[in-house]
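> Chains as they are written, first to last, in numbering that gives the first Met the number 0: chain A, 0 to 213; chain B, 0 to 277; chain C, 0 to 405.
30 Å max Cα-Cα, derived DSS-like pairs, lysine-lysine: (1) Lys365/C - Lys233/C; (2) Lys226/B - Lys365/C; (3) Lys226/B - Lys233/C; (4) Lys60/A - Lys27/B; (5) Lys233/C - Lys95/B; (6) Lys260/C - Lys299/C; (7) Lys365/C - Lys228/B; (8) Lys237/C - Lys95/B; (9) Lys299/C - Lys237/C; (10) Lys60/A - Lys299/C; (11) Lys60/A - Lys21/B; (12) Lys233/C - Lys260/C; (13) Lys365/C - Lys260/C; (14) Lys60/A - Lys233/C; (15) Lys299/C - Lys21/B; (16) Lys60/A - Lys260/C; (17) Lys260/C - Lys95/B; (18) Lys365/C - Lys237/C; (19) Lys27/B - Lys299/C; (20) Lys233/C - Lys299/C; (21) Lys60/A - Lys237/C; (22) Lys66/C - Lys35/A; (23) Lys237/C - Lys260/C.
In case anyone wonders, no lab produced these hints; they're calculated from the structure.
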Amino acid sequence: MRRGIPLAITFLIGLFMLVDFFVPHYRVSDLAGEMKQWGTIVIAASILLGVGNLIRVHFHKIRRRRDGWQYSITTLLIMAVMFAFGGPWGTIQEGSAFNWMFLNMQVPLQSTMFSLLAFFIASAAYRAFRLRSAESGLLLTAAIIVMLGRVPLGQLLTRALPEQATLPWLTETIMAYPNMAAFRGILMGAALGVMAMGLRVILGIERSYLGGEK
Amino acid sequence: MTLFWTTIGAILTLSIYSFLYKDNPFYKFAEHLVVGVSAGYYLVIYYWNYIDPNVVTPVFLLRVGADRIPLLGMDWWMALIPGILGLLLYMRFFPKVAWVGRWPLGIYVGGYAGLGLSPIMQARVITQLGANALPLAGVEDPFAAMTNLVLGISIFAVMTYLFVAKRSMGAGNKLVRAGVIVLAAVIGYVGYLALSLLSNAGVVSLTNILLVVGLLGTLSYFFFSMKHKGLLGGLARVGIVFLMVGFGASFGYTVMSRISLLIGRVGFLLHDWLHLID
Amino acid sequence: MKLCLSLVVLLLLVSAAAPAADDAETVDPLMSDVEGAVQAPVDSIPPAPPSDLAARDHIENTDAGDKIALSWSLSPDDGAGAGDVIGYLVLRHPSPDAPGDTVAVVGAGSGRCLDEAVEPGTAYYYTVASLDGANASEPVLAGPVAGRTNLWQPARTSVFVLMIVFFALVMIFTRLAERGAALFIRRIPGLNAIEEAVGRATEMGRPVLYVPGIGEIDNIMTIASLTILSHVAKITAKYETPLIVPTARAVVMSAAEEVVKEAYAEAGRPDAYNPDNIRYLSDAQFAFAAAVNGIMLREKPAANLYMGAFWAESLLLAETGFEAGAIQVAGTAMVSQLPFFVTACDFTLMGEELYAASAYLSREPKLMGSLKGSDWMKMVTIILMGAGVILNLMGATGIVNWFQTQ
Numbered sequence: 000m001r002r003g004i005p006l007a008i009t010f011l012i013g014l015f016m017l018v019d020f021f022v023p024h025y026r027v028s029d030l031a032g033e034m035k036q037w038g039t040i041v042i043a044a045s046i047l048l049g050v051g052n053l054i055r056v057h058f059h060k061i062r063r064r065r066d067g068w069q070y071s072i073t074t075l076l077i078m079a080v081m082f083a084f085g086g087p088w089g090t091i092q093e094g095s096a097f098n099w100m101f102l103n104m105q106v107p108l109q110s111t112m113f114s115l116l117a118f119f120i121a122s123a124a125y126r127a128f129r130l131r132s133a134e135s136g137l138l139l140t141a142a143i144i145v146m147l148g149r150v151p152l153g154q155l156l157t158r159a160l161p162e163q164a165t166l167p168w169l170t171e172t173i174m175a176y177p178n179m180a181a182f183r184g185i186l187m188g189a190a191l192g193v194m195a196m197g198l199r200v201i202l203g204i205e206r207s208y209l210g211g212e213k
Numbered sequence: 000m001t002l003f004w005t006t007i008g009a010i011l012t013l014s015i016y017s018f019l020y021k022d023n024p025f026y027k028f029a030e031h032l033v034v035g036v037s038a039g040y041y042l043v044i045y046y047w048n049y050i051d052p053n054v055v056t057p058v059f060l061l062r063v064g065a066d067r068i069p070l071l072g073m074d075w076w077m078a079l080i081p082g083i084l085g086l087l088l089y090m091r092f093f094p095k096v097a098w099v100g101r102w103p104l105g106i107y108v109g110g111y112a113g114l115g116l117s118p119i120m121q122a123r124v125i126t127q128l129g130a131n132a133l134p135l136a137g138v139e140d141p142f143a144a145m146t147n148l149v150l151g152i153s154i155f156a157v158m159t160y161l162f163v164a165k166r167s168m169g170a171g172n173k174l175v176r177a178g179v180i181v182l183a184a185v186i187g188y189v190g191y192l193a194l195s196l197l198s199n200a201g202v203v204s205l206t207n208i209l210l211v212v213g214l215l216g217t218l219s220y221f222f223f224s225m226k227h228k229g230l231l232g233g234l235a236r237v238g239i240v241f242l243m244v245g246f247g248a249s250f251g252y253t254v255m256s257r258i259s260l261l262i263g264r265v266g267f268l269l270h271d272w273l274h275l276i277d
Numbered sequence: 000m001k002l003c004l005s006l007v008v009l010l011l012l013v014s015a016a017a018p019a020a021d022d023a024e025t026v027d028p029l030m031s032d033v034e035g036a037v038q039a040p041v042d043s044i045p046p047a048p049p050s051d052l053a054a055r056d057h058i059e060n061t062d063a064g065d066k067i068a069l070s071w072s073l074s075p076d077d078g079a080g081a082g083d084v085i086g087y088l089v090l091r092h093p094s095p096d097a098p099g100d101t102v103a104v105v106g107a108g109s110g111r112c113l114d115e116a117v118e119p120g121t122a123y124y125y126t127v128a129s130l131d132g133a134n135a136s137e138p139v140l141a142g143p144v145a146g147r148t149n150l151w152q153p154a155r156t157s158v159f160v161l162m163i164v165f166f167a168l169v170m171i172f173t174r175l176a177e178r179g180a181a182l183f184i185r186r187i188p189g190l191n192a193i194e195e196a197v198g199r200a201t202e203m204g205r206p207v208l209y210v211p212g213i214g215e216i217d218n219i220m221t222i223a224s225l226t227i228l229s230h231v232a233k234i235t236a237k238y239e240t241p242l243i244v245p246t247a248r249a250v251v252m253s254a255a256e257e258v259v260k261e262a263y264a265e266a267g268r269p270d271a272y273n274p275d276n277i278r279y280l281s282d283a284q285f286a287f288a289a290a291v292n293g294i295m296l297r298e299k300p301a302a303n304l305y306m307g308a309f310w311a312e313s314l315l316l317a318e319t320g321f322e323a324g325a326i327q328v329a330g331t332a333m334v335s336q337l338p339f340f341v342t343a344c345d346f347t348l349m350g351e352e353l354y355a356a357s358a359y360l361s362r363e364p365k366l367m368g369s370l371k372g373s374d375w376m377k378m379v380t381i382i383l384m385g386a387g388v389i390l391n392l393m394g395a396t397g398i399v400n401w402f403q404t405q
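Using the sequences and the hints given, assemble the complete structure.
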């Protein structure tokens, strides 16, 4: 019963959404669209669950004076400040403190983290040099060709050769054919995996996401 | 004021970069800061962008938000449904009714599972099939078509054989195997060059063979319920070759875009903050 | 003052009239430059009418029944013959004899028109006449036709057929498996490695880090990941190894809590479950990555498992984990991130392997059956591709058209 109701709900809603794809009637599409919106709202409403967890974890850390508890104060404090600036007013206004904090703290921090990838991709490439297997040799060769083929250096290096031996040409060919074939293969295989799993979810065979039995 | 905030942004940027050296108080501070800022940010944004216009405004002010199209002459009470679903999530804190908290999850997961199935079949299977059901040979030039078909198949046969027969040359000797694969690729490439001198249709058919064989191989690799021996084993090995080349290619393809991100941040430090460059 | 005003008015009048005067004296340069006699001579002979006018209900993916699609074959004088057709006049009539409303004037060379403003369920007639500079042809008539709100999208029938085939295969093999048919499943090295990794963390007395990706719970990769998490949690519960699960989505966090709690209870160690180890970090992608990196360096997990949907943060996590010396096993179906996991992790579950994991780990007949069903579907796609290749080689493109959907 307690397990049955959510599974029945999952089945009915899943089936309706499945059918929606084939039935163009606007009322069906509209209702499906409405339900999608419900989903977004449920997710938005869940944020408090997450923030509650965050507060609890950091609060415990501070109370038990675990390593780095001082930093946890930063997290909680700045969150409270951000909330106080934005909570009562909401919409992002040009020049509001909320907006300034977003633009000058969250945005630069996030884009800097993102840009760390430039270093990490280099160290990962370096690691691939240590030929772990024949397969990684293939990976490395293709990576080097494509990397060089996309920069001016690659063009310079092979300028004297006939067109079909130049790095840019090789790059294009590798991207358009072997890469495309592998990409499609993964995509199709994964698509079947997703569909089988989705079907199992709708039929209630896969239900780990619902958690405990009791 | 702008300088103040830019300086904060710059200090935070440098704090994150200090992570490259090792974990340190600056990084720890920046990390905890961004977690706190983003938690506060999403709390505010999710409420004002989703909950307020779709639930609170319709229910308490009895009107549908301006940007929302009413459904079936939707009244304010329709907005109650997602509101209640959202509240049900929090029933998990009350042990007696915790089980009700699974309903919104059921709706959400079931709904999106159903929603996803058919578009996935459409976009990732059928459309890809359509794009890959290519004529293996240039139809207008039967002679070139035949030679290419033979050449293409034999190149793949050689590659498959070499890859399958790794036992015969010692599984431990990676270098030899790598060399053999490179050799096969070079042979294929030389054959390709020779072919392209002969006819243009031949080139098209060879690239089509690459696509078809590559997809066949990759799909074979993903067979789980059969032993990878014999033909399937060979095809799966061809699949691995394609997978690795594909991974390498997309790896190489991404490098430059990641470096440009770094250039962007350095530009922020030198231009926006220090005004050292224009 | 008055003079000034009248001067302005005069100037305005002159400037307004000037282009008209130009028109009268010069020939449209586009027309005069075209080779031969394509000058669209203004004659008194009406052009030949178009033919084969067809009016059909237009089916859209969201169909309100308010559109009708028209198509016709071009007039013989359009681009050939007298060559003077400049367009087609499309009219909508409530009855064949009643006067019509103009729907559109379609340019020469096109034989299509979409009437987007019909009353659903009302029957209409359409006429199309070809126009030259001066005359109109006899109109051709089609109808009656009514816009309907349809219950079926024919452009998606091929999707439907393959869905049915797929569902049937999965159901058949699931049923067979339940009846006890022995099903084989190939070795998936990455999944075997998970147990080894957890074992090593236990030996070293260090925690296990399990990142379920940053996908929302509606992402099937996340669901697959939660299934694997349940398996991992059972092992860590048995060994009493701490299991840290950082998440980027609140709902995923709460589902992970349930999954881990249940796994600990099942393993008979409900007391070993530490709620502070299932953490929501941040919805923001790189804030999440920064915080997970912090966990790796400070709590020093010996095994990092990345399973689920990852975007650009994949390499940030995997490289940091590598530097920290952890055993790393990744699994994702995100094609764009696979290369990075493959280079930085010890084992990687690629694409469908992630979805096969629940069957592989549990060996539950139902799941094995559905896996077998997917394999057969792969066979079907390979056969379809082969058929497409062969038919295409013979010049028949029907099957390729069947793959075109909307």
